[in-house]
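J.: On the provided structure of chain A, position chain B as indicated by the hints.
Top line first, the protein sequences correspond to chains A and B. All letters in the first sequence, in the order written, are residues 1 to 220 by this note's numbering. All letters in the second sequence, in the order written, are residues 221 to 293 by this note's numbering.
Keep in mind that the hints were calculated from the coordinates and are not lab data. Note that the structure is predicted; figures quoted are calculated from it, not measured. Backbone N, C-alpha and C fix where the C-beta goes; we use that ideal spot for every residue, glycine too. Keep in mind that a hint or two might mislead.
What the hints assert, rightly or not - Some chain B residues flagged as far from chain A (calculated, every beta-carbon gap over 12 Å): (1) L231; (2) T239; (3) E240; (4) N251; (5) R273; (6) L275; (7) F285.
Said to hold, decoys possible - DSS-like cross-link-like pairs, simulated, lysine-lysine; straight-line CA separation at most 25 Å: (8) B:K259 to A:K135; (9) B:K276 to B:K256; (10) B:K261 to A:K135; (11) B:K224 to B:K259; (12) B:K276 to B:K259; (13) A:K135 to A:K123.
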Amino acid sequence: MRILGRWSVASVVSFFVSLTAFGAAFGAFISFCVLLAVPWVRLPITVTAPVTFTLDTPNEILGGRPGWGFEFRETRRPPAPRPPNVQRIAGSMRVPVTNRWFIAFNGIALIVILAFVAYTLSKLQGVLRTLVRGKTPFVPANAARLRFLGLAVIIGSLFVSAIVFVENTWARANLDLPGVTFDDLPRIDFGTIFYGLIILVIAEVFRAGTELDEDQSLTI
Amino acid sequence: MGIKINLDHLLLDRQMTLTELAERVDVTIVNLSILKTNKAKAIRFSTLEALCRELKCQPGDLLEFVSEVRSKK
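Isolated chain A, as found in the complex (with noise of 0.2 Å):
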């Protein structure tokens, strides 16, 4: 099995990544064009958007009718173990909204998100392309692309992390979720940015290499 050059597996990688940036780009388009239509579009609609909560499990209902006021639920006193609960889940809500600028901010927050993804890969894409070209890849150009990319991750991570806080603001404030707790804390995703850190190291030996490799081809 290749590793590099045609038909290879940095072929095929470089395949997926064109085509998941073009869908980032062709989805970037797509919102943009729904976002268009947002002033003139008929409410509510439902928008999906990322939060991050804590799940607590309700007491169990004994008896009585629930809604009309008389429910006999199971007490736990002091000393009894506290139900248990789930905590810190990642996940989305799809909810139906009537606020426009809610819409809006979400349109553009995932317009933001598409166009910076599409970016970001046609970066890798550019280091991948040296790879199937059979080119050496210590040329300055690629030492760039992975700091771009070390730092587009890092700077993505965060980014995601301030969307899902604004998200968990505006969900405390307007949703009322039985059970449902909402982070009132960002939440950062310390691992991907340790993957970012990775990125720009690796990028830092590039940079040598490069350099490593412009000595050799200049040494006649």
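T.: What follows is chain B alone, placed relative to chain A:
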């Protein structure tokens, strides 16, 4: 500037073209051109030896140290 290659002077003295020298020392004309225009970062002993042999000179005739101040002038 640092180290300067005096290949063009030596070629002129020996009445030799760059193409002819490239064939004799078995180095591509592109690489010799890089050497001549002082764009090279390093020179192999084998290349230096071949150049000295064909140009009938010493390494000191081919290489010259030029200080920064002098090169700015």
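J.: Now tell me if each hint is right for this structure.
T.: Hints and how they fare:
1. With a least CB separation of 15 Å from chain A, B:L231 remains clear of the 12 Å interface cut-off, as annotated.
2. No beta-carbon of chain A comes within 12 Å of the beta-carbon of B:T239; the shortest separation is about 16 Å.
3. No beta-carbon of chain A is positioned within 12 Å of the beta-carbon of B:E240; the least distance is around 17 Å.
4. Listed as outside the interface, B:N251 is inconsistent with that label: its C-beta sits roughly 5 Å from the nearest C-beta of chain A, within the 12 Å cut-off.
5. Listed as a non-interface residue, B:R273 keeps its Cβ farther than 12 Å from every Cβ of chain A; the least gap is roughly 15 Å.
6. The Cβ of B:L275 lies farther than 12 Å from every Cβ of chain A, with a closest approach of about 15 Å, so its non-interface assignment holds.
7. Once the 12 Å rule is applied to beta carbons, B:F285 is consistent with being away from chain A; the minimum gap is 18 Å.
8. Only pairs whose Cα atoms come within 25 Å are accepted, and B:K259 paired with A:K135 is accepted, the gap being roughly 22 Å.
9. For the given pair, B:K276 sits about 17 Å from B:K256 by alpha-carbon distance, which is consistent with the 25 Å threshold.
10. With a C-alpha separation of about 21 Å, the suggested pair B:K261 and A:K135 falls inside the 25 Å cut-off, and the hint holds.
11. Of the supplied pair hints, the one linking B:K224 and B:K259 holds, its CA atoms being roughly 10 Å apart against a limit of 25 Å.
12. Taken as a hint, the B:K276 and B:K259 pair is honoured in the structure, with Cα atoms around 23 Å apart against an allowance of 25 Å.
13. Proximity of A:K135 to A:K123 is assessed by CA-CA distance (about 17 Å); at most 25 Å being required, the pair is judged to hold.
Hint 4 alone, counting from the list given before, is not met by this structure.
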